[in-house]
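Protein chains: 4
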Amino acid sequence: MRAGIIGVTGYGGLELFRLLSGHPEIKQVFLYSSSKEGTLLSEDAQHIYGYTDQLRSLEQLESDKLDILFSSAPSGVSTKLLPPYIERKMKVIDLAGDYRLKNADAYQKWYGKEAPNSLLVNEAVYGLTEWNKHEIQQAGFIANPGCYPTATLLAVLPLLKEGLIHADSLIIDAKSGMSGAGATPQKASHFAKANDSMSIYKMNKHQHIPEIEQTIQTLANVETNITFNTHLIPMTRGIMATIYADLSKDIQSSDVSEVLHECYGNKPFIRIFKEKADLFTKQVYGSNYCDLTFGIDERTKRITVVSVIDNLVKGAAGQAVQNMNVIFDFDETEGLSQSPLFP
Amino acid sequence: MRAGIIGVTGYGGLELFRLLSGHPEIKQVFLYSSSKEGTLLSEDAQHIYGYTDQLRSLEQLESDKLDILFSSAPSGVSTKLLPPYIERKMKVIDLAGDYRLKNADAYQKWYGKEAPNSLLVNEAVYGLTEWNKHEIQQAGFIANPGCYPTATLLAVLPLLKEGLIHADSLIIDAKSGMSGAGATPQKASHFAKANDSMSIYKMNKHQHIPEIEQTIQTLANVETNITFNTHLIPMTRGIMATIYADLSKDIQSSDVSEVLHECYGNKPFIRIFKEKADLFTKQVYGSNYCDLTFGIDERTKRITVVSVIDNLVKGAAGQAVQNMNVIFDFDETEGLSQSPLFP
Amino acid sequence: MRAGIIGVTGYGGLELFRLLSGHPEIKQVFLYSSSKEGTLLSEDAQHIYGYTDQLRSLEQLESDKLDILFSSAPSGVSTKLLPPYIERKMKVIDLAGDYRLKNADAYQKWYGKEAPNSLLVNEAVYGLTEWNKHEIQQAGFIANPGCYPTATLLAVLPLLKEGLIHADSLIIDAKSGMSGAGATPQKASHFAKANDSMSIYKMNKHQHIPEIEQTIQTLANVETNITFNTHLIPMTRGIMATIYADLSKDIQSSDVSEVLHECYGNKPFIRIFKEKADLFTKQVYGSNYCDLTFGIDERTKRITVVSVIDNLVKGAAGQAVQNMNVIFDFDETEGLSQSPLFP
Amino acid sequence: MRAGIIGVTGYGGLELFRLLSGHPEIKQVFLYSSSKEGTLLSEDAQHIYGYTDQLRSLEQLESDKLDILFSSAPSGVSTKLLPPYIERKMKVIDLAGDYRLKNADAYQKWYGKEAPNSLLVNEAVYGLTEWNKHEIQQAGFIANPGCYPTATLLAVLPLLKEGLIHADSLIIDAKSGMSGAGATPQKASHFAKANDSMSIYKMNKHQHIPEIEQTIQTLANVETNITFNTHLIPMTRGIMATIYADLSKDIQSSDVSEVLHECYGNKPFIRIFKEKADLFTKQVYGSNYCDLTFGIDERTKRITVVSVIDNLVKGAAGQAVQNMNVIFDFDETEGLSQSPLFP
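Residue numbers (UniProt numbering), protein chains in the order written: chain A, 1 to 343; chain B, 1 to 343; chain C, 1 to 343; chain D, 1 to 343.
These are computed hints drawn from the structure, not numbers from a lab.
Heads up, a few of these hints could be off.
Unchecked claim - With the Cβ distance kept under 7 angstroms, some of the chain C side facing chain D (calculated, not the full set):
1) A192
2) S197
3) Q207
4) N221
5) T224
6) Y244
7) R302
8) T304
Stated by the list, open to error - Straight-line distance between alpha carbons at most 20 angstroms, and here's what the computed EDC-like set of lysine to aspartate or glutamate pairs gives:
9) K187(B) / D44(C)
10) K202(B) / E43(C)
11) K274(A) / D44(C)
12) K187(A) / E43(D)
13) K301(D) / D246(C)
14) K205(C) / D246(D)
15) K274(C) / E43(A)
16) K205(A) / D278(B)
17) K202(B) / E275(A)
18) K274(B) / D44(D)
19) K249(A) / D168(B)
20) K274(A) / E334(C)
21) K205(B) / D246(A)
22) K205(B) / E298(A)
23) K205(B) / D278(A)
24) K202(D) / E298(C)
25) K274(D) / E43(B)
26) K202(D) / D44(A)
27) K187(D) / E43(A)
28) K187(A) / D278(B)
29) K301(C) / D246(D)
30) K27(A) / E334(C)
31) K202(A) / D278(B)
32) K274(D) / D168(B)
33) K301(B) / D246(A)
34) K276(D) / E43(B)
35) K301(B) / E223(A)
36) K274(B) / D168(D)
37) K202(A) / E43(D)
38) K205(C) / E298(D)
39) K205(D) / E43(C)
40) K109(B) / E298(A)
Cβ coordinates follow ideal geometry from the N, Cα and C atoms, glycine included.
Between the sequences and the hints, there should be enough to build the whole structure, so can you do that?
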C-alpha cells in the first residue's frame, strides 16, 4: 500500500511518518508540503537523517496514486486542500479540526474560521476508534479526533452511556505536554518561559469543547455543556485528563469498574488500572494506549476519572493509523504495538 | 533578634534559612538538627557554601535564648519536640501539619499518627496571614498552613464568605512542583521517573483536605466537603490550584472582581489578575506572592478560580516569616520583598 | 527462541525486555529476580501494565532452558551469578562492568570490588559490535560495553586506527541523562535537586576510563591515558561525548570525513552528519543509532568529534540485542529498527 | 540615584530591572524601549505584575537625567544607540558584545557586523570586576563581559597569570542554560525540541572566543588560541565551563589551591570548593556567585578546572550591577547579596 502525508513537517505529521514507516502493510510513504517541496524532510528533522525522499508538491499529489491520504495540516488548511481528494473517493484521514464539528456555526464560533463544505462535513466519520468502529469500517473520509477529546471521551463515554454519572456535572481539568502546541516557535512554548513552570490557558474557550459535547450527544445520547480547562505542563508529550462528575444514585465503585471492563475489556489499546492508581503520563509515552483509573469519594458522592494518553499517538497519529487499520480491515494493532518508552 | 530553625536540612528549613538570613530584623539564626549536630549545613547544601556555623543539638536548644523558633521537622516530629518550647512561652511557628487540625480524630484519620496534646492544639493559631492577622498578632504559637491549603483558601475564602459560590460544589484540582514531596529521595521523585511526565497521587485522600474544610468553616462560616486531587508536575517549585464551583444566583463577573479587590486590595502579597489571565507558576518563583485570576463560564454558570504560589515560600517558609512579621509588628513585607525570579 | 533476563527491574533490564518483546525471533522472555520472585514486573512498571508473567527465581533459572541469557544486574553481582551459566556454555551477554577489564588489578582499582574469575574474563568478548563483529560471531560470552565507552570509542577508534589524531591528546567531555544513574532513588537523582541544573561528577575517576583505554589499545593498537570527565544533564536519556584531540600533521577535514565514511559507510546504526552539525541527543531517543559529527579548528589544529547515543539503547540494551543478532546470525537490525521518538 | 535600562524586555534587561529595583542606592529605574514605548513592561512580564511605569521612548532618554545607563539591547544596536550618551559623559554599562573587542577586524569577523567607533571602543573598560577593579573605578563606559567569558576567565586567569598551565593547551567545554539564547522564540529554544535533550552548537565559532583570547592577553599577558565549544542544556539558567589544560612542570594540587585562594580569598562573589567537588549549576541560581573547583589527573598531567555561574546574574546583569557599585564606590555586594535559590 502507498500512503501520503500532507503537513509532514508538523509534529503530528512527523509522528504519522514514524508510524507509517514501520507499518507492515505500508510499502511506500509519500510526503507533501506546500512550502518546502523539493527539500529533504531529514534536513530539519535530524532524527530521520538518512531518509532521502524529497518532499513532494501538492501538484504531484493530484496525480499520485495513493491508497490513503493523511492530512496533518493546521486547522483551516484542510478546508481548502482536501475536498478534491474526498470527492474522488480517495480514502482520507484528516487530523485537523475542520471536519469534526457538524454544526457550521459552532465551527465558526470556536475556530474563528469559515466552515468547510457542509456536504463533506456530513460525510466525515468521527474517528474515535473504540466507539465508532462500525462507521469507520465503511468510511471514506475520517475526521480524526482531537487530543483532548480523545483523552476525555474514552474516559467518560462508558459512564455517561450507562447513566452512572450526571452529564451536567462534568468538569474536565486537562493537562498537556508542550508538543500539543505544535512545532512553530512561539512565546508560550519558548523553553526559558515554559521550563520549570506550568500554565493555564484558554480558560473555558478551548475549541475542543464543542467537539466533546457533540460526541457525548452522538455517542452517549446526552445533551450537555461541560466545564473544560487546559493547562500546559513542562513535558514534551502526554495528556492527563482529570475528570469530575456527580455520581448517579447508589452507584458503587464496583458498578463503575464493571462498566469500564465491559466496555473496554477486549479493546487492545485501553488499559484499566485498579481504583485510585497513581497514573502518570510517561507510562504511555510513544504508545497508542489510553490508560484509565477512577476513584469514588464517598464524602462527596463524586467520581474522579483519570485518563492518560500520548497526545501525538493516541491523541493524533496513532489513532489515525488505528483508523486506517479498521478501514482496510487490518488487525487494529498493526504498526502500533510498540511498547511505551520508559523511563 | 535571634531565630532558631529545627529541621533545617529539609526544603522548608533551607528556605526559612534563606529568608531569615536576609531579614533585616534578624541578627542571628541558630540551626538545629537531631541527627546531624556538629556538622556543617553547607556540606550538603552547596548553595550556601561558606556558611560556617555548625548545626546545633536539641540539647543546646533547651538553653539557647531565642526570640522565635521555627520548626520545619516532618509531621509527627513536632508533636514530640515542640511542647516544652510552647509551654515556656517561646514564640513558635510550626510548618508541619501536627497542630493544624483542631479535631484529634481527623488528625489521626488523615495523618495516621497520634494527635498532639489537645491543649496545645487549641492554643495554636492558624497562620493564614491575610485572613487571621488579628489572631496572629496575639499568638504565641502558630500552626503555619500547608502549601495546598494556602493556594486553595486564598482563592476561595472571599467568594465563600460573600456567598458568591456554592460551598458544596467546590472541586479543587491542585498541581504541585516536586519540591513539595520533600528532600528525601524516593521513587516518585526519582528524576528518570518524574521528568517529562506528570502524575496524579493520593486521589481524594490528601491530608490537606480536612485542613481546607476546617478553615472554610472557621473563616467563611460554611460547613462543606470538598473534592480535592493532587498532581505532581515536573518542575521544582510552584503550585497551581484550579478551582471549580457553581455560582450563586445572578452572580456576574464584576461581582467576583469587586469582592476580590475589596478583600485583597491592600494586601501586599496578593495580586489579582484580569479575568481569564494565563497564569503560570514561574511568575511567583522564589517570591511570597499569591496570584489570582478567575473566569466565569456563562454556558455552565460555573466559575473557575486559579491561584499560583511558590510552595516553599507563600506555601511554607515565606508565610511563616510573614507571620513572624505580624507577631513582632514589623512591616508585613520585611525580608520578603524579593521579586520573583524570571525566567 | 527463548531469552532470559536477570536484573529486569533496573532500567537496562526494562529496556532489554522492551526490545526482546518486540524482537521477531524471540518467542519467549523469562524474567529473573533475586529479590522479587513471584511478583509481577508490571506492578512497579506501569508502562507494561497487563503483562502477567511472574518474576522467576534464580533457582528456576538453573533448570530453565534458555537460548540466551542477558544479565543487567549491577556491577559485582555478575561476578557471583554468571559463572555457572557461562561454564555450561549457555550464550550469555552481561551488561555490567565485571567482565570488561582484562586486568584484574585495574578492575579492583576502578571498581573497588574483587575481580571475577580470570579464565572467564579472558573468555569474554567485548561487545562493541561495529568493531568486534567477527569475535562476537564466535562468542559464547559477551561483556557488553558501557554507555560512555560506546559513545566515545565509536567516535575515536577510526581516527586513532588511521593515525589522524594523537592518542595522548585525547580529552573526552561526556554528558549523560539521569537514567544512566540507575533506577534506585538517591540524592543526585532526586528531582528537585537535579531538575533545572547540571553537575560534574567523578572527576577523572569514572570506572569507564580503563575500559576506554583498554579498548583503544586492543582495537586501535595504541597505548594511551585519556582525560575523561562526566556530567549529569537534566534529561532522562541520552549521552553526548564531546571529544578533543590534536590532529596529526597535515590532516584535513576531507581526510577525517573519508575515514569515517569508509569505516562506517555500511554500518546500519552509525549515522555520519555533515561537519559541525548541531547534534542533539533527542535525535537518537529510543533508537540504537550512534550519530557522529566533527569539526576541525584551523586556528588550533585540533579536532572536535561529537557522538550522541541513547544510553539505554546503543549504550546498553540495544547493543546487547545487536550482539545477540550477530551471535545467531540474524540481520543486525532485527528488533532494533524503531525510529527515534521525536519530539 | 536614578538608573536607566535600554532593552529591558530581554532577559538581561529584566534581570537588571530585578536587581536595580532591589538596590538600596537606586531610587528610580527608568525603562526604555524603541518599539514598545508607552506600554507596560508588566503586561508581558507577569512576574512584575503591578509595576505601573510605562516604557519610555528613546527620545525621552535624550533629556532624562540619569546617573547611570545600562544597555541590554542586542549586539549591533549598542553601536548605534550608545555613542551620544558615552560622549556626553553619562556613566554607561553595555551588556552587549559591541564594545568588547578592541580589534575592529575581529569584531567584524566574529559578529558579522560593522564595528563601532574605535575611539569609543578604546574608551570602553572591560568589566570583569574581580580583575579590572581599578580601571572600572575610573571608568565612564563599561563593556560588560559575556556570560561564557566570565565563567571561563575567572577560572583560568589565576592559573595563566602564575604560569601553572600552558596557555596553548586550553580547551573549554562550555554548557549553558537556554535563557542564554535570549527571549525571542526560535527553533532551538522551542520547548518540545529542547526539552529532555541537549545539543552542541556553533562548534569552534562562538563569538565569545576572541573575547576570551583578548582578555587572556590583556590580563594574563599570554597570547594564545583556545579551543572552545558551547552546548545548550535543558535548564533555564546556569553555565558550567569545564576547562582542560596541561599543567606546567612540577605543579601540584597544593600550588593550584594556593594560587586560587590568594587570588580570590577576599573576593565576595568567588567561592573556591575543595578539589574535585561535584559542582552543579543550581548552587548559584539567581545569585552573583562564581563557584570554582579543579582536579588534577596524575595520569595525564592535566588539570580540569570547573566554574559555574548564573548566566543572567554573574554572566550579565549581576556583574553589571557589581561594576556600578565599583564605579560609585558602593560596597561591591550592594544589591547583590541574595542567596542562591535552592532547590
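Hint by hint, here is what the structure shows:
1. Given the 7 angstroms rule on beta carbons, the hint for A192(C) holds: about 4 angstroms separates it from the nearest Cβ of chain D.
2. Interface restraint check for S197(C): the shortest CB-CB distance to chain D comes to about 3 angstroms, inside 7 angstroms, so the restraint holds.
3. Annotation: interface hint on Q207(C) violated; nearest CB of chain D at approximately 14 angstroms, more than 7 angstroms.
4. A least Cβ separation of about 20 angstroms between N221(C) and chain D goes past the 7 angstroms threshold, and the interface hint is therefore violated.
5. Interface hint at T224(C): violated, since its Cβ lies 9 angstroms from the closest Cβ of chain D, which is beyond the 7 angstroms cut-off.
6. For the restraint placing Y244(C) at the interface with chain D, the shortest Cβ-Cβ distance is roughly 5 angstroms, inside the 7 angstroms limit, so the hint holds.
7. With its C-beta approaching chain D no nearer than about 5 angstroms, R302(C) sits inside the 7 angstroms limit, and its interface hint holds.
8. For T304(C), the interface hint holds, the least distance from its beta-carbon to any beta-carbon of chain D being 6 angstroms, beneath 7 angstroms.
9. For the suggested pair K187(B) and D44(C), the alpha carbons sit about 10 angstroms apart, so the restraint of at most 20 angstroms is met.
10. The straight-line distance between the Cα atoms of K202(B) and E43(C) is roughly 17 angstroms, inside the 20 angstroms bound, and the hint therefore holds.
11. The suggested pairing of K274(A) with D44(C) holds, with an alpha-carbon distance near 13 angstroms, which does not exceed 20 angstroms.
12. With a C-alpha separation of about 13 angstroms, the suggested pairing of K187(A) with E43(D) holds against the 20 angstroms cut-off.
13. Between K301(D) and D246(C) the alpha-carbon distance is near 16 angstroms, which keeps this suggested pair within the 20 angstroms criterion.
14. Only pairs whose Cα atoms come within 20 angstroms are accepted, and K205(C) paired with D246(D) is accepted, the gap being roughly 18 angstroms.
15. Our distance criterion of 20 angstroms between C-alpha atoms is met by K274(C) and E43(A), whose separation comes to about 11 angstroms.
16. Proximity of K205(A) to D278(B) is assessed by CA-CA distance (about 12 angstroms); at most 20 angstroms being required, the pair is judged to hold.
17. A threshold of 20 angstroms between alpha carbons decides the hint, and for K202(B) with E275(A) the separation of about 11 angstroms falls inside it, so the pair holds.
18. Among the hinted pairs, K274(B) with D44(D) is consistent with the structure: their alpha-carbon atoms are about 13 angstroms apart, no more than 20 angstroms.
19. Between K249(A) and D168(B) the alpha-carbon distance is near 17 angstroms, which keeps this suggested pair within the 20 angstroms criterion.
20. Taking the CA atoms of K274(A) and E334(C), the gap is about 36 angstroms. The hint is violated against a cut of 20 angstroms.
21. The straight-line distance between the Cα atoms of K205(B) and D246(A) is roughly 18 angstroms, inside the 20 angstroms bound, and the hint therefore holds.
22. For the suggested pair K205(B) and E298(A), the alpha carbons sit about 11 angstroms apart, so the restraint of at most 20 angstroms is met.
23. A hinted pair counts as satisfied when its Cα atoms are at most 20 angstroms apart, and K205(B) with D278(A) qualifies at roughly 12 angstroms.
24. At most 20 angstroms may separate the alpha-carbon atoms for a hinted pair to count; K202(D) and E298(C) meet this at roughly 15 angstroms.
25. With a C-alpha separation of about 11 angstroms, the suggested pairing of K274(D) with E43(B) holds against the 20 angstroms cut-off.
26. Note on K202(D) and D44(A): the hinted pairing holds, with a Cα-Cα distance of about 17 angstroms set against a maximum of 20 angstroms.
27. Between K187(D) and E43(A) the alpha-carbon distance is near 13 angstroms, which keeps this suggested pair within the 20 angstroms criterion.
28. Distance check on the hinted pair: K187(A) and D278(B) sit about 12 angstroms apart at the alpha-carbon level, within 20 angstroms; holds.
29. For a cut-off of 20 angstroms, the pair hint linking K301(C) to D246(D) stands: about 16 angstroms separates their Cα positions.
30. Simply put, K27(A) and E334(C) have alpha-carbon atoms about 18 angstroms apart, close enough for the 20 angstroms limit, and the pair holds.
31. Annotation: proposed proximity of K202(A) to D278(B) holds, straight-line Cα distance about 7 angstroms (limit 20 angstroms).
32. For the given pair, K274(D) sits about 58 angstroms from D168(B) by alpha-carbon distance, which is inconsistent with the 20 angstroms threshold.
33. Distance restraint check for K301(B) and D246(A): the Cα-Cα separation of roughly 16 angstroms lies within the 20 angstroms cut-off, and the hinted pair is therefore satisfied.
34. Among the hinted pairs, K276(D) with E43(B) is consistent with the structure: their alpha-carbon atoms are about 14 angstroms apart, no more than 20 angstroms.
35. Taking the CA atoms of K301(B) and E223(A), the gap is near 16 angstroms; set against the 20 angstroms cutoff, the hint holds.
36. The straight-line distance between the Cα atoms of K274(B) and D168(D) is roughly 58 angstroms, outside the 20 angstroms bound, and the hint therefore fails.
37. Pair hint K202(A) plus E43(D) holds up; C-alpha atoms about 17 angstroms apart against a cutoff of 20 angstroms.
38. For the hint linking K205(C) to E298(D), the alpha-carbon distance of about 11 angstroms falls within 20 angstroms, and the restraint holds.
39. For the given pair, K205(D) sits about 50 angstroms from E43(C) by alpha-carbon distance, which is inconsistent with the 20 angstroms threshold.
40. Straight-line distance between C-alpha atoms of K109(B) and E298(A) comes to about 15 angstroms, which keeps the hinted pair within the 20 angstroms bound.
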